[in-house]
Amino acid sequence: MFRGIGSIIYKECIHIVRDPRTLFLMLLVPGLQMTIFGYAIDMDVKHIRTAVYNLDGRPASRELLNDFENTKTFDIVAHVQSDTALLSEIVRGKAQVAIKVPPDYTDRLVLGAPVSVQVMIDGSDSTVAMQALNVANAIALQKSLGIVAKTVDSVSGPPVTVRPRVLFNPDMKTPNFMVPGLVGIVMQVVTLFLTAFAVVREKENGTLEQLMVTPVSRLGLMLGKLIPYAFVGAFETSVVMCIMRFVFGVPVSGSLLLLAGAALIFLFTVLGMGLLISTVAENQIQAMQIAFIIMLPSVLLSGFLFPQESMPLPIYVIGQFIPATYFIHILRGIILRGATFQDLWPQGVYLGLIGLAVLGIATRRFRKTMG
Amino acid sequence: MNTCIETHGLTRRFGKFTAVDDVDLHIESGAIFGILGPNGSGKTTLIRMLCGLLRPSAGEAQVLGFDTQREGEAIRSAIGYMSQQFSLYGDLTVMQNLKFYARIYGIPRRDRMARIEEVVRIVGIGNYLKAQSRKLSGGWKQRLALACALVHEPKLVFLDEPTAGIDPVARRDLWNLIFDLSGQGITFFVSTHYMDEAERCSHVGYIYFSKLVVCGTPNELKGLPEIIPAGTVRLEVRCPKLPVAMRALAAQECIRDVTIFGDSLHVIGDAGCEAVIVSTLSVTISGVPELRQIPPTLEDVFVTLTRSRSAASHV
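Line by line, the protein sequences are chains U and C.
So the first sequence is numbered by the numbering used here: it starts at 1 and just counts up by one.
So the second sequence is numbered by the numbering used here: it starts at 372 and just counts up by one.
Hints are supplied without guarantee of correctness; some may be wrong.
What the hints assert, rightly or not - In silico negatives: residues of chain U with every beta carbon more than 12 Å from chain C:
1. Lys11
2. Thr71
3. Lys72
4. Val128
5. Met130
6. Pro215
7. Val216
8. Val299
As the list claims (entries may be wrong) - Distance condition first, Cα-Cα at most 20 Å in a straight line; then the derived EDC-like pairs of lysine to aspartate or glutamate:
9. C:Lys506 - U:Asp125
10. C:Lys506 - C:Asp462
11. C:Lys506 - U:Glu63
12. C:Lys582 - C:Asp393
13. C:Lys612 - C:Glu661
14. C:Lys506 - U:Glu204
15. C:Lys501 - U:Asp19
16. C:Lys582 - C:Asp395
17. C:Lys526 - C:Glu377
18. C:Lys501 - C:Glu489
19. C:Lys582 - C:Glu597
20. C:Lys501 - U:Asp125
21. C:Lys612 - C:Asp628
22. U:Lys150 - U:Glu63
23. U:Lys203 - C:Asp462
24. U:Lys46 - U:Asp107
25. U:Lys203 - U:Glu12
26. U:Lys46 - U:Asp75
Keep in mind the hints are simulated off the structure, nothing from the lab.
Note that CB positions come from ideal geometry on N, CA and C, so glycine has one too.
In isolation and in its complexed conformation, chain U is listed as follows (with noise of 0.2 Å):
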């Protein structure tokens, strides 16, 4: 059944040691996209570039100003003199928050009177808009909260606050929340053409033609190409964990035993799913090609980057069927919440079936291509 398996694992690996060039891309690239991708897509949205047109321009203004200014929230990056030039500062692009603050602001401090200032948001960017919308509305509070308590000495406080306790990510930093997601898609990325390439370049090279006239068993070639590249993808998954761990700061909750498991088991699925490709792809261009689409869902559907909560369900059922689901709620349950097996296993089941049922397939499907 297995016959052949340790003739192939040999001479995989002098392919792996040989080719040296491949082996450093296959070490390093990891770690870059990793890195790269790990500071990009921070969420937390700050220095929002903002214009400013004050016509007060009395102290209590520009304190206001200031206010803004001190949330980091907002860069005041331009001062403009009329209600076009604000305007057209958000059309350009070159700020995409406009605060007028009105000529009477003072006075009507002063007097006790209610003032509005005028925030225009560009809502191009939604995740931008509801950050400045939030951060405008917060200023506003906390200021009105300030002035009637400095008049109504009663008062110490609002009298009704939430007081929310955020747990397992106090700070409700993104990288926390992304980066455990991210290690399981650059995981996809780096590992999903071993085993691609490996099989379609001996289709290429009619090296696979020569194998099938020996006694070599189809699972013995499948397991044969797969193990080496197991160890070179379980490396890659080291390497990206220190990462997440070291450079940004993430720190591991749960068990490492448990998240090296879950790793190995989703390290088998994508190999079987690049083997899945080689019996498909005739060269490596195709191979490529296939690999691209299914990348995109992996990142779009697997709740990577959007929540599958608010995705309508068909699409929630095709995500689903997507073993970086699975992962990626793994690897978000040990490392933020430090879940255990018992939280866990259902996820881990899952995703044994989908690599299970991969390999199964591609088995199969070699079968044919043999003829």
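Mind docking chain C on chain U? Use the hints.
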């Protein structure tokens, strides 16, 4: 002598295209069987079916007494296969390739090195063991491929155009090697489109447009009635201005066929046509031709058969 390869109605279709059509073969053990035919005539497809790489669309084949479809594993362990293009691992050294194939054919560890040394001696590649295979020249690549195909002591070896793209000396060496091995009882199934290689085979089959046109020893083929029909002679005619002479002779009634062969013409004509040839040529090219009766070559055989088949298929 026992049968090595036996096929009945072996057919392979790719969609609407029939690559191998209804082929019956019978090859004895110990033969060097050459399969000839133009490019695209179905030689490689036939070999792939016999190796169990491709399923036949119809018909059946027995190789070494095993059915190619049901007992493919048993066949694979007992045959060697050398494909058209170099299909070993270029980044592995000669030795690593040999070790890989020795392992994959399941040669026990204690016999492995002895067996590798044996094939290294046979093909004489001892000086290149540490070289990367892709850096070898064409001839040495073929020798390495042959060594890998022989490492498990196969009873039958398939060589798919083994001499395509290698130099004449390497070609000669490879054939000498094949004769040596054949003497040790290995059966060879060799595809080629070189006529001189076909002449070296003990048995020859000619495949044309997917059909096996003829099959037998070279001498049997040369004596086929189609090649020298009763009452005809095959002549070599030496004279200047070959194209002019050819046209003039072809117009004569007693001449059945004229072909240019290097610096002479090969003519098939009715017995006693020599006088007509001499008189015709003395008029058209005003010279005296040299005439000699010759036995047909294999090329004559195949050209004649190809013409008669394509004529038949156009009726």
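Reported absence of U:Lys11 from the contact zone with chain C (all CB gaps over 12 Å): violated (5 Å)
Verdict on U:Pro215 as a residue remote from chain C, using beta-carbon distances over 12 Å: violated (5 Å)
Whether U:Val216 stays farther than 12 Å from all C-beta atoms of chain C, as the label says: Violated: least Cβ distance 5 Å, not greater than 12 Å.
Quickly compare the C-alpha distance for C:Lys506 and U:Glu63 to 20 Å and report which way the hint goes. Violated - the C-alpha atoms of U:Glu63 and C:Lys506 are around 77 Å apart, more than 20 Å.
When you check the alpha-carbon spacing of C:Lys582 and C:Asp395, does it fall within 20 Å? holds (10 Å)
Decide if the proposed pair is consistent with the structure: C:Lys612 and C:Asp628, CA atoms, cutoff 20 Å inclusive. Between C:Lys612 and C:Asp628 the Cα gap is close to 18 Å, so the pair holds against 20 Å.
Quick one: work out the minimum CB distance from U:Met130 to chain C and report holds if it exceeds 12 Å, violated otherwise. holds (54 Å)
Distance restraint between C:Lys506 and U:Asp125, which requires alpha-carbon spacing of 20 Å or less: Measuring from Cα to Cα gives roughly 57 Å; hence the hint is violated.
With d taken as the least Cβ-Cβ distance between U:Thr71 and chain C, does d exceed 12 Å? holds (59 Å)
20 Å limit on alpha-carbon distance, applied to hinted pair C:Lys582 and C:Glu597: holds (18 Å)
Starting from C:Lys501, check that the Cα of U:Asp19 is at most 20 Å away, please. Holds, at roughly 17 Å.
Next pair to validate is C:Lys582 with C:Asp393; report whether the Cα-Cα distance is within 20 Å. Holds. C:Lys582 to C:Asp393 sits at ~7 Å (cutoff 20 Å).
Taken one by one, the earlier hints fail for this structure at numbers 1, 6, 7, 9, 11, 20, 24, listed in ascending order.
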